[in-house]
Each structure stands twice: as C-alpha cells, then as structure tokens.
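> Residue-level listing of the chains:
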Amino acid sequence: MDISDGTGRWDGLGSRDISTREIAMENVSQEVLSRAEKIGPICEEVIQPLRSPVRSPDDLNWMLARLLMLSRRCPYADVREKCLSVLQNVQDIGVRIPRPLGQGPSRFIPEKEILQVSKVNAKTQVIFEDAFAALGRLDNISLVMGFHPQYLESFLRTQHYLLQMDGPLSLHCRHYIGIMAAARHQCSNLVNLHVNDFLQVGGDPKWLNGLKDAPQKLQHLGELNKILAHRPWLVTKAHIEQLLKAEEHSWSLAELIHAVVLLTHYHSLASFTFSCGISPEIHCDGGHTFRPPSISNYCACDIANGNGTLDEIQGNHALTDTPCEVEALMEKMKQLQECRDEEEASQEEMATRFEREKTESMLVAAAEDEDSVPTRDVSRHFEDPSYGYKDFSRRGEHVPTFRAQDYSWEDHGYSLVNRLYPDVGQLLDEKFQIAYNLTYNTMAMHQDVDTSMLRRAIWNYIHCMFGIRYDDYDYGEINQLLDRSFKVYIKTMVCSPEKTTKRMYDSFWRQFKHSEKVHVNLLLMEARMQAELLYALRAITHYMT
Amino acid sequence: MPSSNDGWSFSATAQVQRHRSTSTECGYIMCFNNSATAGTKMEKMARVTTSLGSNTISGCTMFCHLDAPANAISVCRDAAQVVVAGRNIFKIYALEEEQFVEKLNLRVGRKPSLNFSCADVMWHQMDENLLATAATNGAVVTWNLGKPSRNKQDQLFTEHKRTVNKVCFHPTEVHMLLSGSQDGYMKCFDLRRKESVSTFSGQSESVRDVQFSIRDYFTFAASFENGNVQLWDIRRPDRYERMFTAHNGPVFCCDWHPEDRGWLATGGRDKMVKVWDITTNRAKEIHCVQTIASVARVKWRPERKYHLATCSMMVDHNIYVWDVRRPFIPFATFEEHKDVTTGIVWRHLHDPGFLLSGSKDSTLYQHKFKDASRPVDKANPEGLCFGLFGDLAFAAKESLISGGGDSNRKPYGSGGDRRYPIFFFKKPDLTEQFAHESSALSVFETDLESSRMDWFVETARRYLLSGKPFGELCDHNAKVAKELNRPQVSTTWTMLRIMYSDPGNLATATSISKGGSIPLMNSFNMKEIAAGGLGSESRLDRGKGEIRQDTIHLDPGNSLINNNDENEETEGSEGPADYLFGDAELEDDDLYPMEHENPTAEEAEYSLPQEAFPLRHEIVDNPSVPEHLQDKVDSPHVSGNEAEAVCLTPIKSFSLISISQPLYESHLPASFFSPVVREMLQHYAEAGDVQMAVSVLIVLGDRIRKEEHWYTSYIDLLQRFELWNVSNEVIKLSTSSAINCLNQTSTTLHINCSNCKRPMSNKGWICDRCHQCASICAVCHHVVKGLFVWCQGCSHGGHLEHIMNWLKSSSHCPAGCGHLCEYT
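If you read the sequences in order, they're chains A and B.
Using this note's numbering, the first residue of the first sequence is number -7, and each one after it goes up by one.
Using this note's numbering, the first residue of the second sequence is number 4, and each one after it goes up by one.
Since the hints were derived computationally from the structure, they do not count as laboratory data.
It should be emphasised that the depicted structure is a prediction, and the values quoted were computed from it without experimental measurement.
Some clues are possibly wrong.
[To be verified] Within a straight-line C-alpha distance of at most 20 Å, the following computed DMTMM-like cross-link-like pairs (lysine to aspartate or glutamate) qualify:
{"hint": "1", "chain 1": "B", "residue 1": "Lys735", "chain 2": "A", "residue 2": "Asp9"}
{"hint": "2", "chain 1": "B", "residue 1": "Lys363", "chain 2": "A", "residue 2": "Asp442"}
{"hint": "3", "chain 1": "B", "residue 1": "Lys371", "chain 2": "B", "residue 2": "Glu100"}
{"hint": "4", "chain 1": "B", "residue 1": "Lys471", "chain 2": "A", "residue 2": "Asp403"}
{"hint": "5", "chain 1": "B", "residue 1": "Lys164", "chain 2": "A", "residue 2": "Asp9"}
{"hint": "6", "chain 1": "B", "residue 1": "Lys363", "chain 2": "B", "residue 2": "Glu385"}
{"hint": "7", "chain 1": "B", "residue 1": "Lys471", "chain 2": "A", "residue 2": "Asp9"}
[Claimed, not checked] Footprint (simulated), chain B over chain A, 3 or more residues, beta carbon under 8 Å:
{"hint": "8", "stretch": "145 to 158"}
{"hint": "9", "stretch": "393 to 400"}
{"hint": "10", "stretch": "528 to 537"}
All residues carry an ideal CB built from backbone N, CA and C; glycine is no exception.
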C-alpha cells in the first residue's frame, strides 16, 4: 500500500503539457533535495539499502536512480536537463549519486547505433511520449524496437491493453503472470521491471517470495507456464481442464485466455530481451551503481558494449573475411524464385524435407552453456527449474505434427481469443501481421530486394521447431536460405534464450545492419508467440468441444 | 414512499413495423448484353435446372460416421450422391432413403500424397463424373469418376504457391474451373488444357472464396482475407470490375443468390452475414445478420428468397438458417454436430427441405428441415430496457399484458403509475411460417424532476477541477456537493482539503474555529457520516432501494478527522435532520436522528472507549482526552485501527475524534493519507460514482496515482450527457496519454466539393476538378470560411449570420430554389 504514495508526484512528468511537467519537476526536485540535505554528506549507509529487494519510492536512492533514468530516457528534453541538474545539485550537497552501468539499451548494439531519445523523428517521438506517459518510463526494449516504429506502436498498444486496460484479470495478477513467464527464462530484466509494477499496483509483496506464496489459483498456472515455455506441443485438453475445474481455485475461460496471452507474450518477450542483449533498466537493480567509476571497470564495460576499439578492429576484419555472404544469400533467393516453377518436388520429398528440417533443428546444439548469474533470484518464481526445451523425438517420444491448415491463427485462434477477450484478438492479429509483413526492401547494403521469401523461411523455421507444418511450404527452402550459424542462433533464442551470447549475435549475418538483426529478432519473437498461442488455444478449443 | 414523487408519466412513440411485401416473384429477367453466346448458354442452363426440379426428394434426418474430419462436402447434380473431402478422407456416399451408403473411396494408394489433403471439393453441376478438389499444398486436382482405373485422378495443376482455399466450376460451362488461393491469386483453368488460361491477381492478401455468378455468365466474386470482395469479369484478367469492403477482417465465404441476380451474401470473421445488392452503382448492404461466431460458410436456401444457412468456424457447432429480414433470431437451427461444421450444402437446388453437412466431428448428416429446432419457439418474447434518462421500456406478449395479473407487474415508482401499451402487429408472412409474436410495448418515462441523474449533470457543470489553489477547489466542490444535497461527498471534499493542504493554507480555512476560545473539538462517529449521507441520498430516490444504499456508505477511515467549520455549517443550514446515526447496513427506518449539541456538551457526554481511534497527533490543549491516548499518538499504523473500527457495532462505536489546532503544526506528510484516500476512491468508483473518483483524482493531481479506466468511463458518461466541455476538460487534465490523445484524434475534417461531389484537396477553397468555389454563401455569394450553416431540406446555405438574417425576413431559400427553409 505504501508504495503508491510517492509515485504520484512522478506522473506529471509524462504530461504533454510543458507547464504540468515543470510543476511536477519542481515538486520532485524539491523533495529530492530536501531529502538529500537531511542525509548530508555521508554516503556509507546510502549504499546499503540498495540490496534490499523491495525499495520504497520514498527512499532517496530510489529517487536518484529514477532521476538518472529520466535524465537519459525521458522523451522530453526539458525533463532530461532538469534531472541532470538536480542530480548535479545532489552531488554538490555531498550525497553520492548513481551512475549508469553499461552504455546503452543493448549490450549487443553500440549505443550510437540505437536511436537516441533526443534525436528521433516526429512519429517515433510521439510513440515514445505515449509510452512514457503510460508507464512513466521508456524501457530499453522500446528503445531498441524504436528501429521499427511501425511495429513498436502496435507492440506498445497491445502490451498496454494487456496490462492496463479492461480485462478479466486484476492488475497485479497480470504483472505477476508476467513475472512468472519471464522467470521461466530467467530473464531478470523483465522480472525486475514487473516486480516494480506489481508492487505499484498494490500487489502483495509476499507473493514475490516465490510461487508457493502466491494464491493457489496462480500456482496452478505454473504447470501451464512451464509446458508452454519449453514444450508447448504437450499442452492438452487435460491441462486446461485442470485449470478450469479446480473448484474454488478454478479459472474462468476468459481469465485463462488472458493469462495465456500474457504468458506467451512474456515468454517471447524474454526471447527478444536476450536476443537483443537488452541491458537492465537504469532505475532497476543492475542498471546503475553508486560506486565511483574505476578504470578497470570502465574498460570492461566498454568492450562488452562493442564500443572498444579492439572490437571494432575485429569487426572490420570479419567484414573483409566474408564479403559475399549477402550476395550469396540473394543469389540463392533468386534461384529459388526462378526454378520453383520448373522442377516440382514429389509429395514424399516434401514430407521428408519437413521431417529433415525438424530433426535437424534438434541436432543444432542449443549453444554452449554459460553461467548466467541473474541479479535477482528469479528461479523462485517457478518450479521445476530443470524442465527445459526438449527436442521432438529424443527418447523416442513421438509428437504428431501440428498442421497449420487445421488450426490457424487467422481462422481459429483469432476467433477464440476475440470471443473470450474482446479486442485482444484484433490487436494480436495486427501485431502478427505487422511483424510478418514488415520490410524495407533492403538487405544489408542492397536496395529493392524482395525479402518475403527470407522472412517466410525464418517464420516457418521457427514454427517447424515447434512441429507446426505448412502443407504449402517447401522446407527445402529453409535449408537453402538459413545457414548453420543462423540456425543455431534462432534455435537458442527461441528455445533457451538465456543462453544467447554476444558472440552468437555477432556471428550470424555479419554484414547486416543492427536494425535488420533487430527485425529478425522481432520475427523470431512473434513467430514464437504465435506458435505457443496456437498450441494453447488448440487445447482450449478441444476442451470446449 | 414519498408522494411528491410523481412517478412515471407516459411517453410513447408508436412505430409500426411494416413488412415489405416485395414483389420480385419473377427474378428471371434475362438480360444479356454481353454477347449472343451468353444468352444461349443461360437458356440452356435454365432448361437444365428446371428439368431437375421435377424429381422428388425424400428422406429423413440421418447421419453416418466418417473415418476422419471433413473439410468440405458437395452434392451431385441429381442429389443422389455426396462427396466428402478432408485432410484424411475423400469419399463418395450415396444418399438412400434411410441411410448413407459408401460408394467410393477416392483416396487410393498406399501412401496418399498431399494432393489428397483437401481444403475444398466441388462436384460439377453439369457433368456428374467430374469433381475438383483444392489441396492444402497448393494443388488443384480434378477427378473423373468415369475412369476405369482405381485412381480417378484426372488432372493436376500445381500453379498456386500456397494452399488453395476454394475451387468452383462454372455453372454452365463444362470445362471451366476457377480456384482461389492463399497466395492472393485466382486462376481459371480450361480442363482441356494442361495449365491455367488466365490468372487474376487480387493485389491483396489471400483469397478465401470464389463463386461464379449463377445468372451472369462472365462474372465471378472473390472474397479476401483483408475484408474486401472483388467482382471480376472472366474475360478481363488485368483488373477487377469492382471492389468493396464487406467485412472487418477476413471474408470467409460468399454465395450468390440463386434467383436474384444482384444479391451476394458474404460471411466473415467479424461474425456477420451481409447481403449485398450489387446491381446498383455502389454495392449496397441490404441485410445484415449478426451471428455469435465467425461465419465459415453461407448458402442460400433454394426456393426461399430470404433464407440462408450458415455455419461457423469456431466454438459454435450449430447450423443456422436465417431469414435475413429477421436478423435477430435464427429461423431454424440444426444442433446435431458435436464439433464445428465445416461444410454445408442444400441437397437439391430446387428443394428447400434437405440440408447436408459435414463436420470436424467426423460425421456426415442429412438434416430434414421439418426436424429443425425453431429457436423462436423457445425465445423469450419479453424485453426490458432502461433509457438514458431513466425511462423504462417493457415489451411483453400481448396475451400476457391483456390477461390478468396486472397488479403484479405494476412498475415500482409511485401512485401515478399509468401504462400505455402500444401494440405491434405484423402482417402474416406469406413465404414461410416464422412464428409471429405480437407484443405490447410500454414505455415509462420518469418524471424529470425525480430523474436521479440530474445531480450528475449539475455536479459535472459546477465542479471546478483546476485553475485555483487546491484548497479552494476542494472548498468549492464541497459547497457544490452540499448544495446538491450530497453531504457525504461534500464531507469527502472537505477532508481531502485538510489532508493534503499545507498547514499554512489550512490556517485560513479554519479561521472560524480559531475565533472560539474553547478548545476546539469535533466529535463524530464515522458511521454517522456514512449514515448521514445515506439518509439524504435515499430520500432522493427511495425507489432504488437497497442497492443504492449499499453503494453509498463511506469508507469509515475517511471520517477519522473532521473539520470544524464543516461541522458548524451543517448545523446552521441543514438542521439536526441532516446527520443521522446508524449503521450503513440498516434500513431507512432504522436511522434515527442524532441530536446536535454544542461541542462542549459533547465532550462531557461521550467518553472515549479504549478501543477507539488512537490519535495520531499531539493533543495539547484538550484536557478531556484521556491520558492513555497520548501514548498512542505516534502510532503509524492507520490500517489496523480502521479495521478495528469497522467491526464495532454501530451503537457502541461512538467514539470521539478530537482534532485541535495544534494538529496543523505537527507535520504530517500528505502521503500518509494516500492509502486511505485510494481506498476511498476505489470505493466511490466501485459504487458507481466514478464522477467523484475522477474529480478527486484530477484535483489531487500528482498527489496520487491515476486510474486510467475510471477516466474512460467518466468521459463516456459525460459524453452521453452531452457535457462536451466538461469531458474535454477532463481529457485535458488527465495525465495519461491514452486519455490525452482522445481529443487529438479525428481532428481532420474531410470535405467534398458541393458541385462535383469529389473530395476537396487541402489547397484553398477552389475545387481542383471543377474549378468552382466550394461552399458559397447563398446570400452574399462569397466563399464561407468558418461556420457554414445549411438547410437539410435543400442543402443550400451560407454564413451563419447571413442565413439567420435572411430567414428573419423570408421563409424561402435564399438560393431561390423555392424550398421553404426553417431555421431553429
């Protein structure tokens, strides 16, 4: 309850009206300065409360971190400047101020490549302002997605609807489900963000101790969360029935749909977060530090961000290494386009191609294991941490192929979602379409390229990994168009995104621009979400019939 | 019951529903201006179809199990056989009197290829040996049943790159086949050739359905995933003849009316079935049926001009037959299937009595129309609806109304209860025996004075939300609320001011109290305020009864503190009756007035029970406060105490809350109250008084967190009451972007030229096309920039002022068109 008190004064900063912002800013700065004066130039104890997982918004450090975030991320120039000067004043008083860790929204993409909040075109500016006003922040994910404003708009609209507008689930439950889903992939970024939101909308802090302390009803959802995240093809009517027929803890169909959409949204968003190397939010844990910069620290930071000179040299080297990668890919696309009409593969051949791609996708090693240290103990938000993506026919387990023609998003999924959770079907539909159809007709340095074939290959490859088969697609194309390192990347990202590394991000499609790689990541994210949704919705449909 | 409430007066607008007895009995107007050959073809077809009409069809409702889910079915011309196709099935069944008999399995070969995986199937209506299927892998296959070998596959076209959704034979041309595919192309095949003769590009997303016009030799319709329907001429593959947007989202199916050449029925994912008249210049929607699920197939019923059958793609398994003129209830329903119905077809094109259907539940049904269930028989013919201003409309079966039992259904309200039934009569429908209901509709109009939403409008108008210091806003609003007889709301405002104002401001606000030399003290039981609010509210609309009461009582926590001058004011203006003691749950009768005594007397009379509210402030100059209370002064936990207070019984919970001047010296952060205030707002919002919640939010501004959906509902309410200014102010004052952008949408106004009716470009006042000035004032003959007023009768107009002046002196249109314009 006490969380909500202090947050009110920050709201005015998101207003489009400059005078409202000024008043709010004045308010905030007075509050901060008065607190800073109270504490005075002692800084030892200031560092201490950082460790506590739940910080109150009245805490000075919390405020400072927020100011720091605003000084970097606020779409309004006046607020950014004012925040900086407040921070400066606080420092002058003698209180230690935080400093952002890392260099930009993404660890993989140099900050200079990403749109700066200060210099974006009018359209993106409006989107950013909207996002900022709705949440009081502009998260790193949105900044990276800012490469593709058209998509970003749809994404934010959907997310806003799912989290804040009318829906069957209560606000804190929505955030909690988001936490559950993100935690499945150990995505501490998203978990931290939503822990804050969860508390802000009045969620019970006890729930954060782990799923066991959440209500029974949410605990039941744990199983579905687990399966959907890693082996969605195992979702059956029985799972749905368990959730819907659990006496006093049972879910209603509408609630379940909402939950399923949220789960899949956050599973796939976790994929995106990892695949773009999104840095922790500045005002969250791990996004800033109160320690003064030391030399060694600085360097490591820089290199990890691809800003170091060393890295650039390597990059250039790699570039000269394979100059014709893009051309080769384009050549292949052209060939496929041309010869498609001539030779027609037999039906058996087509079937085996799909099977081959499916089996091969399992053999693609899901990347080397690396120790990831989540800053927050995220594993407590789910059970059974050993449960992960398992390939189709390992241990002889045979899963029937899902025929896309028998249960498609457009025909069936949409209708079901829209029936039980009005408007969301439409929003998701638009989002999928934008993601699928997004193109600038460019490939690396080439203009006017029809990339539809490539996009379709990527989309279908992801669905293929989940066992979804399109009768009208020749899976031989995938083999032609997607090389091995790219397949490794896709597979890792979709199935165990927490293992994504910068090296993997760099090693595929080396000459492509960062914006194009982000585009690919959007495709991966949406395709994954759709695949999960299809399985979940099919199970619900089976339950209903 | 207060007799002052005049109750329900009467108002009714009789509106007799008339049924068009359309006289297009003969739809066979043959008019072929395309070519001579077309004419002969059509004659041939007409002959063929009529000759089939002589066969009599008989049978019963029956079904058989298929081995696999069906995707589509089609009947043979003579209605004796049906073909069922699906991913794993492709069979022909003979329709016998009492059962289906499997005639032929077309799915042959040990490892059937994907070419057998059918999305659609069609039996040729001229040649009974000819079938075509659309395969999910993009192939179009034709089958010749006359082939001697086991494999009847005839031709294979693999020109489409994606799934083929639909195949369609030309109704009269033996060798012409049309296909529509996911790849956005439609192809026309001549079965005598190895490849397609022409390709039509829809220039948009997937094609979901293609249908040859039955009456127009060259025309076919195609429906698309993006909601469009295109009409093509088979001879012109370069460009569609016409296109219109039929649905929001994919159009899954379309069907030409078998008799009426200009009618096309379409069904879409948006759950609508629409009937379009395309004989006119622009496709005109003439009927619309709203179903409960996305529409997968639509088929006109033979011999019944207004009937069509639909089935859905998801969730709903029934087949409905609709009379498009009565779109609210299906004419008939077939409820046999256990999973979604995927294919429907009328058994014979001149017999409306039998419908065949295939389903995902692996069954094939023949439905006899006589066995269909008639939802209208089970429907409840009573309807009840509240109007915006409290009017109540009630429709009931005529027999019920005219029969006895009148006294039971007396609308509550008051003595002046009168009912004026209006009777609707329908002419008996000639074509079909749709059950006819005649109902009596009574409309009860609430007395305007007792219309309980008056306070809402008034409050919205008079509240001040911004522009003054916080304290003044609160005071103003409290005053407004009080004047409107809503003391509870008024008190809330006053309390808010106290909670959030700076000590400095407050000092002025409470100056009256300062004047007194006695130590100031208010004593209030929080329950009493709740009940006080209740008492007066319930007097306003007693008829609303208990529901209203439950919603009103105030969160007890808010009355922790009371302001002194508030107290004095009430005393002066309202008298003792205004404040009532009692629990919120009590009925009106249980409320009893509390005697208002002067503060000192109260002090003496009431004692503070131990479990009462611990005070949170130093009370210095109040001698009557028991010692132990001062120990608890610093207790930071409000919530616990509130809880305690709530469970006290009403009578025992008399407690004293004493607030004296020094309160304002001790600094209490405004945020301290936030949880309570939030809870209070929540309470108001849940009780339906979203106006209060939003107004408080706005006035509090950044002192508290916003709640977006309250804003939306309040704005919605304001707009319904046409309080545009207030709603705009609220929109402007909200900090949420989603709300803020509400008044930034659709600020563009598109205008058409008044001469040539084309859209005007944004350059100046002269139309690009006809080079005339648009919107010229009929009086002064100059271009009107700004307000343009025009007569809705003759559409002439001009400057507002000029027209006003003109019409003062003359009643004729200034343009000289002879119309008698009216200006009101």
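> Just pull the numbers of the violated hints for me, sorted ascending.
2, 4, 5 and 6
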